[in-house]
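Each chain, letter by letter, is given below.
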Amino acid sequence: MGSLFTIRGLRKAYHMGDETVHALDGVDLDFERGEYIAILGPSGSGKSTLMHILGFMDQPTEGSIVFEGEEVSSLSADRRAWYRSNRVGFVFQSFNLLPRLTVLENVALTLLYRDDSNRETNEAAAKFALERVGMSHRLDHRPSQLSGGERQRVAIARAIVGNPSIVFADEPTGNLDVKNVDRILDLLGSLLAEGITVVLVTHDLGVAAKARRVISMRAGKVQEDRQQ
Amino acid sequence: MKIFDRLRPAVINGLRELQANKVRSLLSMSGIILGVASLVAMVTVVQGMVGNFRQFVDAMGGIEKIAVDRQSLPKEQEHLAELSEGMTLRDVEQIRATIPLIRNISPEVRVGYEKVVYEGHEAITLILGCTPDYLPVAKRWVDPEQGRFISDLDILHRTDVVVLGSSIAAELFPPNVDPLGKVIRVKGKRFVVVGLLNNIEGSGMQVRSANSKGGSGMWRWRNSGVYIPVSTATAKFTGNDHLTGLGLRIGDANDLQNTVDQLERSLLQMHNGLKDFNISTNEETLESFRKTESAFKLSLGGVAGISLFIGGIGIMNVMLASINERIREIGVRKAVGARGSDLFLQFLAEAAVISVMGGIIGLSVSMGIVWLMNFILIQAIPTQAVATLDWKIMAQGLGFSVIVGLVAGVYPALRAAKLDPIEALRHE
Ligand SMILES: Nc1ncnc2c1ncn2[C@@H]1O[C@H](COP(=O)(O)OP(=O)(O)O)[C@@H](O)[C@H]1O
Ligand SMILES: [Mg+2]
Chain A
7 MGSLFTIRGL RKAYHMGDET VHALDGVDLD FERGEYIAIL GPSGSGKSTL
57 MHILGFMDQP TEGSIVFEGE EVSSLSADRR AWYRSNRVGF VFQSFNLLPR
107 LTVLENVALT LLYRDDSNRE TNEAAAKFAL ERVGMSHRLD HRPSQLSGGE
157 RQRVAIARAI VGNPSIVFAD EPTGNLDVKN VDRILDLLGS LLAEGITVVL
207 VTHDLGVAAK ARRVISMRAG KVQEDRQQ
Chain B
2 MKIFDRLRPA VINGLRELQA NKVRSLLSMS GIILGVASLV AMVTVVQGMV
52 GNFRQFVDAM GGIEKIAVDR QSLPKEQEHL AELSEGMTLR DVEQIRATIP
102 LIRNISPEVR VGYEKVVYEG HEAITLILGC TPDYLPVAKR WVDPEQGRFI
152 SDLDILHRTD VVVLGSSIAA ELFPPNVDPL GKVIRVKGKR FVVVGLLNNI
202 EGSGMQVRSA NSKGGSGMWR WRNSGVYIPV STATAKFTGN DHLTGLGLRI
252 GDANDLQNTV DQLERSLLQM HNGLKDFNIS TNEETLESFR KTESAFKLSL
302 GGVAGISLFI GGIGIMNVML ASINERIREI GVRKAVGARG SDLFLQFLAE
352 AAVISVMGGI IGLSVSMGIV WLMNFILIQA IPTQAVATLD WKIMAQGLGF
402 SVIVGLVAGV YPALRAAKLD PIEALRHE
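Which chain is which? The protein sequence lines are A and B, in order. The working numbering numbers the first residue of the first sequence as 7 and each following residue consecutively. The working numbering numbers the first residue of the second sequence as 2 and each following residue consecutively.
Label pairs and their calculated CB-CB ranges: (1) B:Glu429 with A:Glu38: 35 to 41 Å; (2) A:Gly154 with B:Gln20: 24 to 30 Å; (3) A:Gly154 with B:Ala21: 21 to 27 Å; (4) A:Arg125 with B:Ser342: 18 to 24 Å; (5) B:Gln20 with A:Glu137: 26 to 32 Å.
Calculated from the structure, these hints are not laboratory results. Beta carbons are placed, not taken as given, at the ideal position from N, Cα and C, and that holds for glycine.
Turn these sequences into a full structure, and let the hints steer you where they fit.
Put into structure tokens, the structure is as follows:
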């Protein structure tokens with residue numbers, strides 16, 4: 007399959023006055039293409055920080071990240087935006103759909119900021135992605151007219167519409183009822199078939215159980231990394 | 002091309018935001034609306050007034066005209082009266098020879114208000130002796146089908162020809178009679194009508210000129226003059242070669258003061274130092290008009306400027322509030338790949354959309370104001386509408402509003418652009 011991420015000596019420190027918080031304190035990891043990974047750990051262990059850095063939202067204080075063969079640990083803000091636009095997708099606990107936009111427009115948003123953005127092709131791709139998550143019957147609805155599970159499916163469509171290499175999902179089932187949890191987790195799992203690497207961030211053992219590889223974190227360090 | 006592709010969704014988005022927050026947006030536009038409306042309405046009205054001023058000054062011969070009138074000697078020179086023979090054609094020759102800045106000189110003999118008669122129709126009006134130079138100096142003309150003006154030959158031979166103003170001609174002659182070639186009596190003497198002077202249209206302002214004797218409106222006077230050769234006037238009526246006045250025209254208004262100085266020196270010399278003449282220009286009139294104009298422009302421009310400034314602050318305020326409400330949206334957009342510049346553009350476009358909308362509403366309000374002002378002015382002065390809206394001024398007003406919107410939008414847009422995506426997403 008090939009290596010997607012090679013992470014060495016990753017550190018992230020936050021300075022709060024005199025105090026320094028080491029949110030990541032020396033992380034070494036390798037992600038292969040097509041893996042289904044859960045990052046498990048208690049609150050404050052550094053899961054979100056790791057996800058933000060790997061998702062090109064943030065930069066590490068120290069360490070090296072090789073993504074698809076390129077060193078990406080210190081990119082300019084615009085370059086990171088390019089990676090977010092073209093290489094990664096996010097699914098959030100609180101969905102984060104824009105209330106003013108329709109379902110279709112929310113999904114097409116991912117393609118809007120690309121250099122070759124074009125309304126028709128964007129919308130065609132968005133329709134396709136919505137079909138993929140079983141939401142093509144709600145194209146013109148507003149997010150507020152949807153249930154939580156439906157909203158998260160739209161959010162997944164938005165994450166995959168740009169054909170990313172990797173999708174990060176931060177507690178994607180945290181706001182869902184039991185019935186929808188499985189459905190969303192299955193949907194995420196099905197992305198593997200398309201060669202998309204899925205990283206599930208969670209503090210829930212039951213959720214993590216769905217993944218094939220579980221990385222346990224504690225206090226900014228990888229405590230355990232096992233296949234299951 | 003690329004910037005246009007990025008702009009389109011930004012503008013569409015701006016329109017949507019505007020639609021979603023109608024009341025708030027309208028409130029934020031109020032300053033711009035007021036500013037653009039007052040700017041356009043006021044510039045239009047002031048321009049209308051200035052146009053009338055210009056017409057008025059033009060009708061008085063324009064700024065390049067200088068008038069020299071006979072005047073009684075100042076007290077301290079009264080005992081020297083016989084030293085000067087007054088203004089004569091010799092002055093005209095001297096001025097022609099020595100002051101090249103002067104392009105035309107029109108020597109004039111004011112015979113006075115006298116009776117003119119044509120077959121029982123009679124009127125009393127001003128009789129003026131003049132030369133061909135009267136036309137360029139007074140900016141008048143005789144249309145070819147209306148005959149001709151007084152010629153050099155008329156001056157030379159002291160012919161009994163007369164040129165009439167349009168209203169006096171209408172008074173003396175029935176509508177079916179062509180005045181050209183007809184004989185009229187001027188102060189009892191026979192004259193042949195050879196031409197009719199062009200008609201001066203009544204202008205918007207019915208200004209009463211202090212110079213016009215008998216208190217008649219100056220426009221009426223200008224159409225009721227009776228013009229005869231200056232040599233005929235002296236020979237037949239005044240009995241001496243004294244001129245009552247000179248009209249002079251210079252080529253360039255910038256030479257006005259210089260010319261007046263030279264003229265004064267030259268005339269004093271000719272008149273042995275006696276100040277039996279008075280030189281006047283239209284400059285003072287124009288100057289007072291200019292002062293009024295710039296006072297208007299200053300105060301109204303100030304009002305418009307302040308409104309636009311307040312309008313800008315209003316837009317900035319609303320943009321900042323809107324960004325504050327939409328921090329999460331900004332975070333989401335960044336998470337899916339928007340650059341800082343994309344968000345900058347989005348919020349700048351939003352500010353521009355608000356201000357352009359405000360500008361457009363302001364323009365329609367200004368149309369209403371101008372209409373109302375014209376309505377009021379027509380009640381007061383029934384001659385003509387004072388102001389018409391000019392698309393150039395409207396475009397300028399709209400341009401101003403766009404500039405204000407862009408300037409006001411820069412700071413909020415920069416704030417949106419600089420937001421950290423993670424913090425923005427964490428925002429409640
Ligand atoms: N922006 C920040 N400023 C200061 N400290 C932060 C910031 N973000 C995260 N942290 C700290 O870093 C540690 C890891 O946080 P996070 O990655 O959010 O943990 P998790 O997602 O596992 O709950 C925590 O102690 C948190 O307080
Ligand atoms: Mg977290």
